[in-house]
Amino acid sequence: MKILIIGAASAIAKATARIYAEQGNDLFLLGRNEEALNGIADDLKVRGASSIGLACLDLTKSAQHESSIQQAIDEMDGLDIALICHGSLPNQEKAEVDFKLAKKEIDTNGLSVISLLTVLSEKLSQRKCGTIAVITSVAGDRGRQPNFVYGAAKSLVSTYLQGLRGKLRADQVHVIDIRPGLVDSPMTAHMEKGALWSSPERIASKIVQSIAKKKHTVYAPGYWRAIMFVVRLIPEVVFKRLKF
Amino acid sequence: MEVHGWGRYPVTSAEILAPTDAASLNKLLSAKQHNSAIPRGAGRSYGDSSLSSRLLSSRFFDNFSELNTESMTVRCGSGISLNDILKICIPQGLFLPVLPGTKFVSVGGAIAADVHGKNHHLDGSFCDHLESFRIMLASGELLHCSRSENQDLFHGTCGGMGLTGMVVDATLKLINIKSTSISQQSLVAKNLQESFELLNNSDASKYSVAWLDCLSSGDSLGRSIIYLGEHGKERGKEQEEKLERDQHEILKHRAGRSLSIPFSTPSLLLNKYTMKAFNNTYYTFKVKEKAELNVNYDRYFFPLDGVKNWNRLYGGKGFLQYQFVLPTESAQPGIEKVLEKITSAGKGSFLSVLKKFGEANSNLLSFPKEGFTLTLDFKREKSLFPLLDELDEIVCEHAGRLYLAKDARMSAETFKSGYSKWEEFVELKNKYDPKNVFSSLQSDRIGLTD
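Sequences listed follow chains A and B, in order. Sequential numbering from 795 applies to the first sequence in my numbering. Sequential numbering from 10 applies to the second sequence in my numbering.
It should be emphasised that the hints constitute simulated quantities derived from the structure, not laboratory data. Hints are not guaranteed to be accurate.
Listed next, the stretches of chain B that the computed footprint assigns to chain A, with coverage defined by at least 3 CB atoms under 8 Å from CB atoms of chain A [as the list claims (entries may be wrong)]:
# : stretch
1 : 19 to 32
2 : 124 to 131
Keeping only pairs whose Cα atoms sit at most 30 Å apart, straight-line, the calculated BS3-like set for lysine-lysine is [stated by the list, open to error]:
# : chain 1 : residue 1 : chain 2 : residue 2
3 : B       : Lys-36    : A       : Lys-897
4 : A       : Lys-987   : B       : Lys-326
5 : B       : Lys-36    : A       : Lys-894
Label-pair ranges, simulated between beta-carbon atoms [unchecked claim]:
#  : chain 1 : residue 1 : chain 2 : residue 2 : range
6  : A       : Asp-852   : B       : Ser-429   : 54 to 62 Å
7  : B       : Glu-75    : A       : Asp-852   : 55 to 63 Å
8  : B       : Glu-239   : A       : Asn-885   : 53 to 61 Å
9  : A       : Thr-982   : B       : Asp-161   : 35 to 43 Å
10 : B       : Gly-355   : A       : Pro-940   : 30 to 38 Å
11 : B       : Thr-283   : A       : Glu-828   : 53 to 61 Å
Every residue gets a Cβ at the ideal spot worked out from N, C-alpha and C, and that includes glycine.
Put together the whole structure using the sequences plus the hints.
Structural data, given as C-alpha cells:
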C-alpha cells in the first residue's frame, strides 16, 4: 500500500509508520523537523519499508499543502491511506487569556487539518478509492476546564470528519476519526502518568487494525469509548462544577 | 514517580526525563540542576543500577540508522531492544553474537552492563562485538568512541553502568546464521562434581549453560541439567520458509499474546517446600526428556520472556538476584560452600544457573572473568540479607565478584575486593564527569561516586 503520514515525527505517527514499514509498504512522510524526519526515514527503511519519501514543511502554512500532497502522490505513484497525526498540546491557562495563542493552537490542531482534508478529499475522490484517517482526541468529546482550547480544535475536526465521511462515501473514500485517550509521548512528557495512560505503540496497532477494518470513529484504547460515554452523560449542572 | 528495577527492590521516587534526541538531552544536562542523573533503558537491571533522583530514559532513542548486510553491522539508537534488532536481522540471515537471558534489554543497557550469554566461553561478552558508540558526557559534549578513538572512555563505558555518560547510539557487529533453530543437547549431572566436569568438557559447544537444583543436598548437591546448543545447519527453501514463519511468530508475540502476570502473587506461594517441589519436578521431568532437540532460538535463549512480568511471581516485596563469578581454581569448592550455606539456611531459588566463563576483557568494570558463574533468585525477606552477606564473604574469600546489574545491596568493600580496576574507573570518572552528574543509588553505595 502507498501511505502518506502527515506530522510524521509525532510519537503515534512514528509507531504507526513502523507497523506499516514492517509490512513492506511504501511510505511518504510530511513534517516540520528535517533532521527528525531523516532519522525516521532511515529507521523505517531498516524496518522494511519498500520505499520512503519525505518533504519538510510547516503544516500551519496551508499554501504548501497542495504541492506537498501532490509530491507524495507522484513519488509513490498513488495514495491508499493518508494519516494525519500532527498536533500540539497548548498551555490551557495561557491560551484562555491570550487570544493570539488560542488562535495559534486552533490553527495547528484544527484549521491546518481542515486545509489538508480539503486537498486530500479532492485527490482521493478523483481516484475513487482510499482512506483518510485523522487523529483527533477524546478531549473533543466534551469541553472540559483543563483543556477546552485543545478540545475545541479537536472537536472542530471531528465534526468536519462526520460530514466529510458522508460526502466521500459516493467516491468510495473512507474516513476514520481516531480518538486516543491519554498517550505517553514527548508531547505529554511533563505530565504525571497513571493507569489510564497508554503507549504510542498500543495506539498505533489499534490505528492499523481500524483502518484495515474500515471503522468510523475509533477510541484508542477501546475503553475510552465507555469513559467518554459516561462523561457525555453527566448533566451540565454537575459538569460545570467539575475541574477534571 | 515511583520506580524500581526488575527485582522490584529497592523502590525510589524519581523524575523521569525522556529526551527525544541528542539536542534535547544536551538541554536537560545543561539545565542548572544539582541532582544527579542516571540513564535508564528498559529497566531490566535487577537492583538499583538504574535508580537515581533523575532518570534519563532512552526510550525515544529508538531509531535504526542502518543495517549493513555487507559489513554485517547494525547502527541504532541506545533505546532499541535486542528484540527489535533480531526482528530486522533474522530475515537477512543475521543474528546477534551475544544474547543475555532476555531479549527485552536495550542496547544502552546491554553496553552498560556488558551483558553475557551462553557462549561467553567462546565469544566473550556483548561489548566484545561492539564496534563504536556515541556518548553524551555530563558537559553536553557528544563523543564518538571505539577501540581506536577515545579508547579510555570506550573501555570505561562498556560495563560502566551508565556512569560515564549517556550512550546515544551504537554500531554492533552481527553474525551469520543458517537457521533460527538451535540444536539442543541436554546432559544430566548427578552432582556438582559432574556438573563441572560436563561444563569443562563442553568447551567446543557454541552455547552451554546448566540449570542447577540448588535445593538438593547430600550426594546430589549441585545436580544439574546441562544444555548445549549449536545453531541449526540446514538452509534451503524449507529453511527460508521457516525463517518467515518464525518471523511471523515473533511479530505475533509483539502484539502481546504471550502470558502475562498482571499483579504480584502472594509471596507465601513461594516457600522452601514449593520451591523444593518445583526443583524436584523440573529435574525429574527434564531427566526424562529427549536428550537432543531442535528448538526455536527464542525458546532456547529467552525461556522466561514467554511470561511477561514474571518478576511479579515473587510477591509484592520483590526479589533479589544474586550472581557471582569465581575463578577456575576456586570455583568448585566455593560454589559448594555457597550451596551448602543456602540449603542450611532453608532458602532456595527457583532458577539457579551455572555457566562457564572464558577470559575477561579489558573493560574496567565488566563482570565476566575466567571461571564459573552461578545465578540465584531469592524472594526478598528480612532474613535474606544476613545470608547474602555471608555469601559475599565466601565469594570474596574465593577471589570472586558480584554482577553489578543484578546487585541491590553489596557493600563498598565487597565491590572493591572484586573489581580490581575500580580506582582506574574513578580516575576516568574524574576526567569525564568530575562533578559526578552521572550517579546511581548503586554507585553511591559501592563508593564509586558521592
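Hint by hint, work out which the structure violates, then give me just those numbers in ascending order. 2, 7 and 10
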